[in-house]
Amino acid sequence: MSDTSVSRAADPRGRNAPPPKRSTFTLFMVLLVCAAPVLFAAAAYFLNWRPAGSTNYGQLITPQRPVPDAAVMPLTNLDGTPFDLRSLYGKWVLISSNSGACDEACAKNLFIIRQTHASTGKEIGRIERVWLINDKEPVPTIVIRAYEGMRFVRGDARQIADFLALPDGVANTPEALRKHIWLVDPRGNLMMRFPENPDPAELRNDIGELLKASRIG
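Taking UniProt numbering, the leading residue of the sequence shown gets 1, the next gets one more, and so forth.
Do not rely on the hints blindly, as some may be mistaken.
[What the hints assert, rightly or not] Computed list of lysine to aspartate or glutamate pairs in EDC-like fashion (alpha-carbon distance at most 16 Å, straight line):
hint : residue 1 : residue 2
1    : 91        : 128
2    : 179       : 103
3    : 108       : 196
4    : 179       : 199
5    : 108       : 199
[As the list claims (entries may be wrong)] Estimated spans, in silico, between C-beta atoms of each pair:
hint : residue 1 : residue 2 : range
6    : 63        : 169       : 17 to 25 Å
7    : 215       : 135       : 34 to 42 Å
8    : 209       : 111       : 30 to 38 Å
9    : 144       : 63        : 29 to 37 Å
10   : 77        : 208       : 27 to 35 Å
11   : 64        : 170       : 16 to 24 Å
12   : 115       : 170       : 34 to 42 Å
13   : 115       : 71        : 32 to 40 Å
Just so you know, these hints were derived from the structure itself, not from any lab.
Where a beta carbon is used, it is the ideal one built from N, C-alpha and C, also for glycine.
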């Protein structure tokens, strides 16, 4: 039997049957399943979504506040050289603000920030620590040594207060600022404020959840 006869036997219309179309549905579903965790994490972070029954310990700041330009809130290192807070873009930044004299409340917040940073283990490189000093008081040497790796920067008290968000009804004063710890996200937005006298375990839990959910920073 000739090849032509075989082809016509396979296709009653007398033409060679076209190869079956390959469905892309299976491939699409595989890609969707692989991408789902990343898409879910991104949605949870950018939309501030959390599962029912789950709450942040820190208060989300809405709307988020972009870190000011250095011309708007000029800062300097302890040696007087300029420092731009926006240079930390791409990192999570824990912030405290107080007088350079550093009273008990100041020391407590610096300690909590240091311990939270240390507790993140292999994620430690994703977090920066900044102390915004809002006066010209000298920083005790013992504090500088105790918190090595933290960025000590000075700025104008009013400008710092205007940037850092306080609870509704609380005046933005240097005195009120010393009670809290703030978090800036890797895109350079002030996004969260932790309560006065924060619970270290709860604060660490919030930071851990954010690091886990985020694919940036």
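Verification of the hints:
1. Restraint check: the Cα-Cα separation between residue 91 and residue 128 comes to about 6 Å, which is no more than 16 Å; the hinted pair holds.
2. Using a Cα cut-off of 16 Å, the hinted pair residue 179 and residue 103 holds, with the two alpha carbons roughly 11 Å apart.
3. In summary, the hint linking residue 108 to residue 196 is supported, as the alpha carbons are separated by about 11 Å, within the 16 Å threshold.
4. Only pairs whose Cα atoms come within 16 Å are accepted, and residue 179 paired with residue 199 is accepted, the gap being roughly 13 Å.
5. Taken as a hint, the residue 108 and residue 199 pair is honoured in the structure, with Cα atoms around 11 Å apart against an allowance of 16 Å.
6. Range check, residue 63 to residue 169: Cβ separation about 18 Å, and the 17 to 25 Å hint holds.
7. Under the hint 34 to 42 Å, the C-beta atoms of residue 215 and residue 135, about 39 Å apart, fit the expected range.
8. For the hinted restraint 30 to 38 Å between residue 209 and residue 111, the CB-CB distance of approximately 22 Å leaves it violated.
9. Take residue 144 and residue 63: their Cβ atoms lie about 35 Å apart, and the range 29 to 37 Å holds.
10. For the hinted restraint 27 to 35 Å between residue 77 and residue 208, the CB-CB distance of approximately 30 Å keeps it satisfied.
11. At about 19 Å, the beta-carbon gap between residue 64 and residue 170 stays in the expected band of 16 to 24 Å.
12. The hinted range of 34 to 42 Å is not satisfied by residue 115 and residue 170, whose Cβ atoms lie roughly 26 Å apart.
13. Checking the proposed 32 to 40 Å range against residue 115 and residue 71 shows it holds: the Cβ atoms sit about 35 Å from each other.
Checked against the numbered hints above, the structure breaks hints 8, 12 and satisfies the rest.
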